[in-house]
Amino acid sequence: MSSEPGVIGGPSHPEGPLTLAVPRGALFGETLDLLDAAGVDTAPARGDSRSLIFHTDEMTLVTMRPSDVPTYVEAGAADVGITGKDVLLEQSDRVVYELLDLGYGKCRMVLAGRRGDQRLGESQRRLGMMRIATKYPRIAERYFEDTGRQIELIEVKGSVELAPLIGLGDGIVDLVATGRTLAENDLEVREEIVDCTARLVANRVAHKLRAAEVDDLTARLRVASRA
Amino acid sequence: MIHPIPPGTRDVLPDEMRELRRLNRRLIEVFEGAGYGEVATPAIEYDEVLSRGDRPSSASAYRFFDENGDLLALRSDMTVPIARLVTTRFADAPLPLRLCYLASAYRAVAPQRGEMREFVQAGIELIGAPGAEGTAEVIGVLEAALDAAGLDRAVIGLGHADLYRQLLAEFGVEGEAREAVLGRLATHDLVGLEAALAEAGIGDPAIEACVALSQLRGGAEVLERAREIGGDTVQRTTARLQATYEALVAAGTADRVQIDFGLLRDLGYYSGTIFEIYDPAVGHVLGGGGRYDGFLAKFGLDLPAAGFSLYLERVHVAQMEEESRRRQRAAADV
Numbered sequence: 001m002s003s004e005p006g007v008i009g010g011p012s013h014p015e016g017p018l019t020l021a022v023p024r025g026a027l028f029g030e031t032l033d034l035l036d037a038a039g040v041d042t043a044p045a046r047g048d049s050r051s052l053i054f055h056t057d058e059m060t061l062v063t064m065r066p067s068d069v070p071t072y073v074e075a076g077a078a079d080v081g082i083t084g085k086d087v088l089l090e091q092s093d094r095v096v097y098e099l100l101d102l103g104y105g106k107c108r109m110v111l112a113g114r115r116g117d118q119r120l121g122e123s124q125r126r127l128g129m130m131r132i133a134t135k136y137p138r139i140a141e142r143y144f145e146d147t148g149r150q151i152e153l154i155e156v157k158g159s160v161e162l163a164p165l166i167g168l169g170d171g172i173v174d175l176v177a178t179g180r181t182l183a184e185n186d187l188e189v190r191e192e193i194v195d196c197t198a199r200l201v202a203n204r205v206a207h208k209l210r211a212a213e214v215d216d217l218t219a220r221l222r223v224a225s226r227a
Numbered sequence: 228m229i230h231p232i233p234p235g236t237r238d239v240l241p242d243e244m245r246e247l248r249r250l251n252r253r254l255i256e257v258f259e260g261a262g263y264g265e266v267a268t269p270a271i272e273y274d275e276v277l278s279r280g281d282r283p284s285s286a287s288a289y290r291f292f293d294e295n296g297d298l299l300a301l302r303s304d305m306t307v308p309i310a311r312l313v314t315t316r317f318a319d320a321p322l323p324l325r326l327c328y329l330a331s332a333y334r335a336v337a338p339q340r341g342e343m344r345e346f347v348q349a350g351i352e353l354i355g356a357p358g359a360e361g362t363a364e365v366i367g368v369l370e371a372a373l374d375a376a377g378l379d380r381a382v383i384g385l386g387h388a389d390l391y392r393q394l395l396a397e398f399g400v401e402g403e404a405r406e407a408v409l410g411r412l413a414t415h416d417l418v419g420l421e422a423a424l425a426e427a428g429i430g431d432p433a434i435e436a437c438v439a440l441s442q443l444r445g446g447a448e449v450l451e452r453a454r455e456i457g458g459d460t461v462q463r464t465t466a467r468l469q470a471t472y473e474a475l476v477a478a479g480t481a482d483r484v485q486i487d488f489g490l491l492r493d494l495g496y497y498s499g500t501i502f503e504i505y506d507p508a509v510g511h512v513l514g515g516g517g518r519y520d521g522f523l524a525k526f527g528l529d530l531p532a533a534g535f536s537l538y539l540e541r542v543h544v545a546q547m548e549e550e551s552r553r554r555q556r557a558a559a560d561v
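Those sequence lines, one after another, are chains A and B. Per this note's numbering, the very first residue in the first sequence carries number 1; after that it's consecutive. Per this note's numbering, the very first residue in the second sequence carries number 228; after that it's consecutive.
In case anyone wonders, no lab produced these hints; they're calculated from the structure. Any given hint might turn out to be false.
Ranges between beta-carbon positions, derived for each pair [stated by the list, open to error]:
#: 1; chain 1: B; residue 1: ALA425; chain 2: A; residue 2: GLU188; range: 29 to 35 Å
#: 2; chain 1: A; residue 1: ALA37; chain 2: B; residue 2: ALA425; range: 23 to 29 Å
#: 3; chain 1: A; residue 1: GLY116; chain 2: B; residue 2: ARG237; range: 52 to 58 Å
#: 4; chain 1: B; residue 1: ARG340; chain 2: A; residue 2: GLY16; range: 23 to 29 Å
#: 5; chain 1: B; residue 1: GLU397; chain 2: A; residue 2: GLY121; range: 34 to 40 Å
Only a predicted model underlies this, so the values are computations on that prediction, with no experimental measurement involved. Positions of the beta carbon are idealized from the N, C-alpha and C atoms, including for glycine.
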């Protein structure tokens, strides 16, 4: 399917198999299961290999942190990718085409505070702003801006549940799947911000120049994810 | 001593400059050879003039006062300054008017994205040549420019700027709902698009038509598929795209054109046919263009117009990628 060298003009096709960015971590298992259901052989990527790149008959799977998927896809290093909506919202300035809601990896972005604790309300009333710790500064900033409240944003990288427990901030904005981590740390959901699931994204140029392959994969994943 | 320069700006050293200069020369030769005379305009203009570009994306990111207190701005592209130049200096010139340029332009950048605050554009403007034939001439010059740059695998996506605005009018989607839908189309967020269309309260067939259109891209066969989707707006747009495509076929320059009903460009002045340029070796768009028939009227001269611009630095990147690909393939063939 690759065009011959020396053939000038003619709609050109990029060479080689389609490259799909696969998120490691919480979404990894379900992503591989869905790809299997869609007829993509993921056997090479299973097992405890330390490799990051896996070749199947029709596709190259590259594995990475979910938050790196938009970066690789935007640059065209991967043609298509799978990652959480939370990542896409946090990196909304990245130019990637969001093609499909894959349905799994369901979780909620929430505002949480200490159980029974009035700090959020008190800071809002007496100081005019809340101090919010989060790993998702842009989502948090946009949410409070849209709801007309002012916050002092505290960005942390690790377990954000820790912050309000020891006095860093009045509350947190974080992603919650089952709510168990919150409960174990004596935190409770105060406001729901947005629901998130896994999404299929594509590079803008790949979406144009590899249209048939991208559309075929999208159609197969659509069927598999609705099954 | 290290003295910094602002993020998004850069120095060009001799090795790169030599290659850029060679590329510049080839592009200008193609433009001049096709009858397009090169012009230069000031990088700084009155803000009031540049802001006739109308939309946030075409407004200048850099404004400042001169010694008289007048508000000046740095240009964000060349189409607006050339519209100003044409209406001021060529109001009575015989038509069509053919102009080309190679010039720096300035835009705002997001932090740590590798975006350029100052970049070079090479392009043409064809003033006073309406319809499919004018568009075909512009695309013919674009193809010659891509060939001259050695990008023989580059593809030109061809779409229509008015499609969704008219389609939503046909469906009776207005106000905030309309802006929400157009926003999702512009970022190509299909999940959000379906939700926004459902929110707008139009029926499932209309939602399906809109989503299917946004994914419709390929060779001449997609014109037929668009007709099957149907509706007045789609039929009208398809007829226009077909006319442009046929003019390209007649001129022998349709080979690497991809018809794309999902194409949108964020510059407010486009109306009618629009296009974008891609190369399979790079993930970014190399440039774009289209018709801007109503735009010169904002400067008091109602003439049809079309043009394109290439991002010179990105074309240079694509050149390098394509050369290294050719080297690899040659090595593999030995």
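Status of the hints after comparison with the structure:
Between ALA425(B) and GLU188(A), the C-beta spacing of about 32 Å keeps the proposed range 29 to 35 Å intact. Between ALA37(A) and ALA425(B) the CB atoms are about 27 Å apart, so this pair conforms to the stated range of 23 to 29 Å. At roughly 56 Å, the beta carbons of GLY116(A) and ARG237(B) sit within the given window of 52 to 58 Å. A hinted range of 23 to 29 Å for the beta carbons of ARG340(B) and GLY16(A) is consistent with their spacing of about 27 Å.
Between GLU397(B) and GLY121(A) the beta carbons are some 49 Å apart, a value that contradicts the proposed interval 34 to 40 Å.
When the structure is compared with the earlier hints, a violation turns up for hint 5 alone.
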